[in-house]
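Asks: Just need the whole structure built from these sequences, with the hints factored in.
These are the residues of each chain, in order.
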Amino acid sequence: MESCQNLSMIRYIVRRLLYLVPLFFGILIIVFVASRIAGDPIALMTHQNPHITAEARLRLAEYYGLDKPIYEQFFIFVWQLFQGNLGNSYAIRGGTAVSTLISDYALLTFELQLSALILSLLIAIPVGIISAKRQYSKLDVTVTTTSLLGTCIPVFYMGIIAIIIFSFFLGWFPAGGANSILVERYPFGSHLIDSLWHMILPTAVLTFAILAPVVLLVRSSMLEVLRQDYILAARASGLSERTVVYKHALRNALIPVVTYVGLFFGGMLAGAPITEKVFNWPGVGRLFVEATTKLDFPVIMGVTVFITIMTLIANLVTDITYGYIDPRIRLE
Amino acid sequence: MKRKGLTKTMSPNTNEKKRAIGVSQWNIAWRRFRKNKAALAGAFIIGFVIFLGIFDALIAPYSPNESPGFYVGETRVPPSLKYLFGTDAVGHDVFSQVVYGARSALFVGFGAAAIAMSLAVLVGLVSGYYGGIIDNVLMRITEIFLVIPFLLILLVFLKVITAVAPSGVGGLSMVTLMIGIFSWAGNARIIRGEVLRVKESEFIEASKSLGATTRRIVFKHVFPNVLHLVIVLTTLMIANAILTEAAVSFLGFGDANSITWGQLLQRANEAVKEAWWEGVFPGLFITLLVLGFNLLGNGLRDALDPRLRE
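Chains as they are written, first to last, in the numbering used here: chain A, 1 to 332; chain B, 333 to 642.
Careful: at least some of the hints might be erroneous.
Here are the computed distance ranges between Cβ atoms for each label pair [claimed, not checked]:
no., chain 1, residue 1, chain 2, residue 2, range
1, B, L620, A, F25, 41 to 47 Å
2, B, V469, A, E224, 31 to 37 Å
3, A, A233, B, N359, 37 to 43 Å
4, B, I476, A, T145, 35 to 41 Å
5, A, L239, B, F535, 38 to 44 Å
6, A, D104, B, K367, 52 to 58 Å
7, B, E532, A, E241, 34 to 40 Å
8, B, K369, A, S103, 50 to 56 Å
9, A, S180, B, A603, 19 to 25 Å
10, B, K367, A, L81, 57 to 63 Å
11, A, I165, B, A389, 30 to 36 Å
12, B, P556, A, I309, 39 to 45 Å
13, A, T96, B, A603, 29 to 35 Å
Mimicking DSSO-like on lysine-lysine, the simulated pairs with C-alpha atoms at most 27 Å apart in a straight line are [said to hold, decoys possible]:
no., chain 1, residue 1, chain 2, residue 2
14, A, K68, A, K294
15, B, K605, B, K414
16, B, K367, A, K133
17, B, K552, B, K531
18, A, K247, A, K138
19, A, K133, A, K247
20, B, K552, B, K540
21, A, K138, B, K367
22, B, K369, A, K133
23, B, K369, A, K138
These are computed hints drawn from the structure, not numbers from a lab. Idealized CB from N, CA, C, for every residue including glycine.
Replies: Laid out in structure tokens, this is it:
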């Protein structure tokens, strides 16, 4: 029976992959074509140069391969992609390889997003549970109100307020960036502490932004589960309240939370640009915004490939995990 | 508690026509809604912003593109009696700008939600009711839209639009359209789920056995029962659309010629150090409006839920 389940799971994964691969290429095509329709990067690069000739522009276009028909450009792109070559940027950091750019910046984005996600889960789940257990108490009301506000405040506004209060009025934390520009400014002369010091404010803001909806979700899910018959049965059979809540109720209540976190994983990379802009955090999000503004095609495509792969994997993993932990799905 | 329920009078004169008052689902919902203070607060906030949107020219002391502080050297001054929210770098009165931004926020919110929800309802209804291949195909399409990295694709498409289309009101409509086009998928799935649930009801079976056409069943029987969900989802979608527009404008991909609160925040981002009032006030209004719609949406959900007993 166990192998039966595993086989159908493998079949499911294969089916999903067969579906996700064309989807991946579909997204690539869409972004590829759209970015080229959006304008001419050569014009952007050269418009400040009064001496540029049409001939020079043509030569630039040839150099970047932009004079070829679109489908040919796309084939070249895919061909290079399979070789692991994402091309070189047009305008960012003097034409460094896109893969270098992404690997440099992605680490920082992950640092920020993962820390925030983990922290917020560590806080949100217990708070949500306690809030549910003590429904309508003062604690519950405070928690729900704060969380509701948290879902309504735009992340970048939270960031701006945080910067105003903690950076300018109080002067406790730097206003942005991942590290101080001047080495002399490192607290205690340590690069590590400097990095952590810069991370505190953006992480705190992002954590709050993430935990607000999660707290509400955990709380409502918990309330729903605690109303179920099997909880009453568990209590009636003499189990301690602790076991009932933390062992039985929690497991079921966390199912929608897992789904949410899984989907969030997929969306978090896409949402990074906002926080990164406010705090001037050198991450993949900021890179993408810069590249899209400058019509830097290789970077746009490179980041798209990266984020899309991550998103698709995250969705696939969420699907599988959801199938594992919710037995009701398996029986369908 | 006095139940304004069934009959007005119980008199021995059975000749009197007894009218049933106030027992429809909507009446019950309205009564429940009225008692919910948070929901009423939400409605009040929305009403306030709509009021700002309609009477913006009368409320704002200066006209939208006017820079009253520019020539008199009053750029970047803090809030005062003359400039309620202060001025920005070019001398605009922040208060006037915020007031004029109300209309754009409402436009984008309602517009994008209208587009997204129309698509979601259509897909959800058809997919849920007809099932089979139609359901399969529509659900695949929905999945595509769900999996695409939202902000990423939105930014790219907005760049295309701003390059191709004119701006002004046109620009903002484009932003609204884009947000609407990429936001329908999640709700389509939810609506489909509800349609599937309603489909199993006995009154649907009864309609079918009476020979009602599928179209009639879908529009006259299924849809009204999904309506309560649609209303709640729409309200929440409006809140979402406003936040998305703000985010997109903040990143610089919105319509630079229209005044939206997101645009104001974008300009304020550079000025955070010197002029906190440039960013704080527009952001406050965004939060307020989104809060209003969220409270309203939650209130509507509690009021319209047919499973809650009074």
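Asks: All hints are to be evaluated individually against the structure, with a verdict given for each.
Replies: Here is how each hint holds up against the structure:
1. B:L620 <-> A:F25: 41 to 47 Å: For L620 (chain B) and F25 (chain A) the Cβ distance comes to about 43 Å; the hint holds.
2. B:V469 <-> A:E224: 31 to 37 Å: About 33 Å separates the Cβ atoms of V469 (chain B) and E224 (chain A), which means 31 to 37 Å holds.
3. A:A233 <-> B:N359: 37 to 43 Å: holds (38 Å)
4. B:I476 <-> A:T145: 35 to 41 Å: About 38 Å separates the Cβ atoms of I476 (chain B) and T145 (chain A), which means 35 to 41 Å holds.
5. A:L239 <-> B:F535: 38 to 44 Å: Check passed, 42 Å falls within 38 to 44 Å.
6. A:D104 <-> B:K367: 52 to 58 Å: holds (56 Å)
7. B:E532 <-> A:E241: 34 to 40 Å: Because 37 Å falls inside the window, the suggested range holds.
8. B:K369 <-> A:S103: 50 to 56 Å: Hint holds: Cβ distance 53 Å, inside 50 to 56 Å.
9. A:S180 <-> B:A603: 19 to 25 Å: holds (22 Å)
10. B:K367 <-> A:L81: 57 to 63 Å: With Cβ atoms ~59 Å apart, the hint holds.
11. A:I165 <-> B:A389: 30 to 36 Å: This hint holds: roughly 35 Å between Cβ atoms.
12. B:P556 <-> A:I309: 39 to 45 Å: holds (43 Å)
13. A:T96 <-> B:A603: 29 to 35 Å: holds (32 Å)
14. A:K68 <-> A:K294: Between K68 (chain A) and K294 (chain A) the Cα gap is close to 20 Å, so the pair holds against 27 Å.
15. B:K605 <-> B:K414: Cα-Cα ~22 Å, so holds.
16. B:K367 <-> A:K133: holds (25 Å)
17. B:K552 <-> B:K531: Within the cut-off at roughly 13 Å; holds.
18. A:K247 <-> A:K138: Given pair K247 (chain A), K138 (chain A) holds - Cα atoms ~26 Å apart, limit 27 Å.
19. A:K133 <-> A:K247: Cα-Cα ~14 Å, so holds.
20. B:K552 <-> B:K540: Holds, at roughly 12 Å.
21. A:K138 <-> B:K367: Between K138 (chain A) and K367 (chain B) the Cα gap is close to 21 Å, so the pair holds against 27 Å.
22. B:K369 <-> A:K133: holds (23 Å)
23. B:K369 <-> A:K138: holds (17 Å)
Of the numbered hints given earlier, the model fails none.
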